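*Asks:* For the sequence shown, our numbering begins at 1 and goes up steadily by one.
In short, the hints are calculated from the structure, not lab data. Warning: the hint list may mix true and false statements.
[Stated by the list, open to error] Label-pair ranges, simulated between beta-carbon atoms:
id : residue 1 : residue 2 : range
1  : Ala-384   : Leu-251   : 54 to 60 Å
2  : Arg-433   : Arg-248   : 22 to 28 Å
3  : Gly-35    : Glu-428   : 24 to 30 Å
4  : Lys-93    : Lys-264   : 34 to 40 Å
[To be verified] As a list, the in silico DSSO-like pairs of lysine-lysine whose alpha-carbon atoms are at most 27 Å apart:
id : residue 1 : residue 2
5  : Lys-183   : Lys-326
6  : Lys-276   : Lys-231
7  : Lys-421   : Lys-183
8  : Lys-424   : Lys-152
9  : Lys-179   : Lys-427
10 : Lys-183   : Lys-339
11 : Lys-50    : Lys-152
12 : Lys-264   : Lys-231
13 : Lys-50    : Lys-387
14 : Lys-427   : Lys-183
15 : Lys-276   : Lys-326
16 : Lys-183   : Lys-86
17 : Lys-231   : Lys-312
18 : Lys-339   : Lys-264
19 : Lys-312   : Lys-264
20 : Lys-93    : Lys-183
21 : Lys-264   : Lys-276
22 : Lys-264   : Lys-326
23 : Lys-50    : Lys-339
24 : Lys-312   : Lys-276
25 : Lys-387   : Lys-376
26 : Lys-179   : Lys-93
27 : Lys-421   : Lys-326
28 : Lys-152   : Lys-86
29 : Lys-326   : Lys-339
On a predicted model such as this, the values are computed, not experimentally measured, just so you know. Using N, Cα and C, we set each Cβ at its ideal position, and we do this for glycine too.
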Amino acid sequence: MTGCGCQFATQNSGPVWSPDDKAKPTPSRPDGASGIYRPDILEHIEATIKELDGELRDLSLDIHSHPELSFDEHYAHDTLTAFMSKHGFEVTKHYHLETAWLATFEHGQGGRTIGINSEMDALPGVGHACGHNLIAISGVGVALSIKSVLEKFDIAGKIALLGTPAEEGGYGKVILLEKGAYKGMSACLMSHPAPGPIGSVSLSSCLAIERITVEYFGHTAHAALSPWEGKNALDAAVLGYNNISALRQQLLPTHRVHGIFEGKDWVPNIIPDYAKFICYARAPTRAELNVTISRILPCFEAAGLATGCQVKIEVHGGAFDLRQNKALGDEVANIITSKYGAIDYIWGIKSASTDFGNVTYALPSLHPGFAIPTVKDGGNHTSAFEKAAATIEAHYACLDVTKALAATGIRVLIDDEFLAKVNKTFKEDAELRDLL
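Generate the whole structure from the sequences, applying the supplied hints.
*Replies:* Take a look at the structure:
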């Protein structure tokens, strides 16, 4: 993730999983778990996913072989909307954004709405190295299996599957949230691939992120004949970078600040009159991030003062940390540990960031990670992970979490007591956030 998305930091706040690790998550069930809710429904979901297996595999590989960058996911948009139309969903193309879409299905009258997300975008140079082809088919699989359950068991309810563009740096979900795309949902569900022990599903959080751009404006001069006539914008950017490096010693180890330089018309014998520093700051919570940013900004201002350059700082707004809804998470954990694997809170996307974090602040939501086979040093945003996202092992790991999410989504629609617990845990978490 880049300026938003599955942006994996240069360091991790916790352990980094490697295929050499012997550590395994404990397949313990949540406190109070009492067997599978409506095993007949889960069996039907499993049968539906099995029936869809080949179609979902083809869809995943098709998207994987046509990687598209943020806000340019035209092939994925058309392919996914055609697929959902074929399976009986009402589709709205170009929903609020050019490459966003909405697929809905409603059965009966007066039922609740379950929201689901499918991501589609890829990364420059490394394609689907964050596995969004798998996220796309997971959302599709959840939606189609819930539809089948509603029809077979004559359950009133509505499914709203959002195709969300630009997770990698474009904050697509934040824009859709602001435009009202998530209104009316009782809860929203999605998943994300990551390294980890095979068979494990992660319920970790992630880091809040803010994107900052700093522009320095100086004055050109001949670098050898009369350098004193210049004001070096590149020096200013380097000083800002070094100021951040000095500050980093006093930041908590769970916080991150990292970035790159950009320039224009740079040549060695001209003092640069323009430089840009693009910076990402991250912290475990939105509240902690705000404090860290207040310490970062003076580092950039001081660099301008030291070099005589003008400084323009823009804080663009970012993505929040994931607030995994405990009731939804406990339900997924119970299904996974009973049927498919283990739950962990160590790996997943714990030290990455995602625009789905903002969704979890707005309504009860869940964003589990699921482990796919990786090689050493082959985590998200590498060429090795791009290859891993197309493997059959990754496909079936994706289908397992899809089944658990579908069963959880059905329970949101039909179990009043469960939904009350979901809303209660959401409210409790919101009160805790206010105290931070």
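*Asks:* Could you run down the list of hints and mark each one as holding or not?
*Replies:* Here is what the structure says about each hint:
Between Ala-384 and Leu-251, the C-beta spacing of about 30 Å breaks the proposed range 54 to 60 Å. The beta-carbon spacing between Arg-433 and Arg-248, approximately 26 Å, falls within the hinted interval of 22 to 28 Å. Against the hinted window of 24 to 30 Å, the Cβ-Cβ separation of Gly-35 and Glu-428 comes to about 25 Å, which satisfies the hint. At roughly 37 Å, the beta-carbon separation of Lys-93 and Lys-264 lies within the given 34 to 40 Å, and the hint holds.
Between Lys-183 and Lys-326 the CA atoms are separated by roughly 21 Å; this keeps the pair inside 27 Å, and the hint holds. Note on Lys-276 and Lys-231: the hinted pairing holds, with a Cα-Cα distance of about 15 Å set against a maximum of 27 Å. Distance restraint check for Lys-421 and Lys-183: the Cα-Cα separation of roughly 20 Å lies within the 27 Å cut-off, and the hinted pair is therefore satisfied. Of the supplied pair hints, the one linking Lys-424 and Lys-152 is violated, its CA atoms being roughly 30 Å apart against a limit of 27 Å.
About 23 Å separates the Cα atoms of Lys-179 and Lys-427, which keeps this hinted pair within 27 Å; it holds. Distance check on the hinted pair: Lys-183 and Lys-339 sit about 33 Å apart at the alpha-carbon level, beyond 27 Å; violated. In summary, the hint linking Lys-50 to Lys-152 is supported, as the alpha carbons are separated by about 16 Å, within the 27 Å threshold. Between the alpha carbons of Lys-264 and Lys-231 the distance comes to roughly 15 Å, so the proposed pair stays at or under 27 Å and holds.
Restraint check for Lys-50 and Lys-387: satisfied, since their Cα atoms lie roughly 24 Å apart, inside the 27 Å limit. For the proposed pair Lys-427 and Lys-183, the alpha carbon gap of about 17 Å is at most 27 Å, so the pair holds. A distance of roughly 41 Å separates the Cα atoms of Lys-276 and Lys-326; the hinted pair therefore is violated under the 27 Å criterion. Of the supplied pair hints, the one linking Lys-183 and Lys-86 holds, its CA atoms being roughly 26 Å apart against a limit of 27 Å.
The hinted pair formed by Lys-231 and Lys-312 meets the criterion: a straight-line CA distance of about 15 Å does not exceed 27 Å. A C-alpha spacing of about 56 Å is found between Lys-339 and Lys-264, which places the hinted pair above 27 Å, so the restraint is violated. Taking the CA atoms of Lys-312 and Lys-264, the gap is near 16 Å; set against the 27 Å cutoff, the hint holds. A distance of roughly 18 Å separates the Cα atoms of Lys-93 and Lys-183; the hinted pair therefore holds under the 27 Å criterion.
Proximity of Lys-264 to Lys-276 is assessed by CA-CA distance (about 9 Å); at most 27 Å being required, the pair is judged to hold. With a C-alpha separation of about 49 Å, the suggested pairing of Lys-264 with Lys-326 is violated against the 27 Å cut-off. Using a Cα cut-off of 27 Å, the hinted pair Lys-50 and Lys-339 holds, with the two alpha carbons roughly 15 Å apart. A distance of roughly 9 Å separates the Cα atoms of Lys-312 and Lys-276; the hinted pair therefore holds under the 27 Å criterion.
In summary, the hint linking Lys-387 to Lys-376 is supported, as the alpha carbons are separated by about 13 Å, within the 27 Å threshold. About 15 Å separates the Cα atoms of Lys-179 and Lys-93, which keeps this hinted pair within 27 Å; it holds. As the CA atoms of Lys-421 and Lys-326 are separated by approximately 9 Å, the hinted pair is consistent with the 27 Å bound. With a C-alpha separation of about 19 Å, the suggested pairing of Lys-152 with Lys-86 holds against the 27 Å cut-off.
Straight-line distance between C-alpha atoms of Lys-326 and Lys-339 comes to about 20 Å, which keeps the hinted pair within the 27 Å bound.
Against the hints set out earlier in the document, violations occur for numbers 1, 8, 10, 15, 18 and 22.
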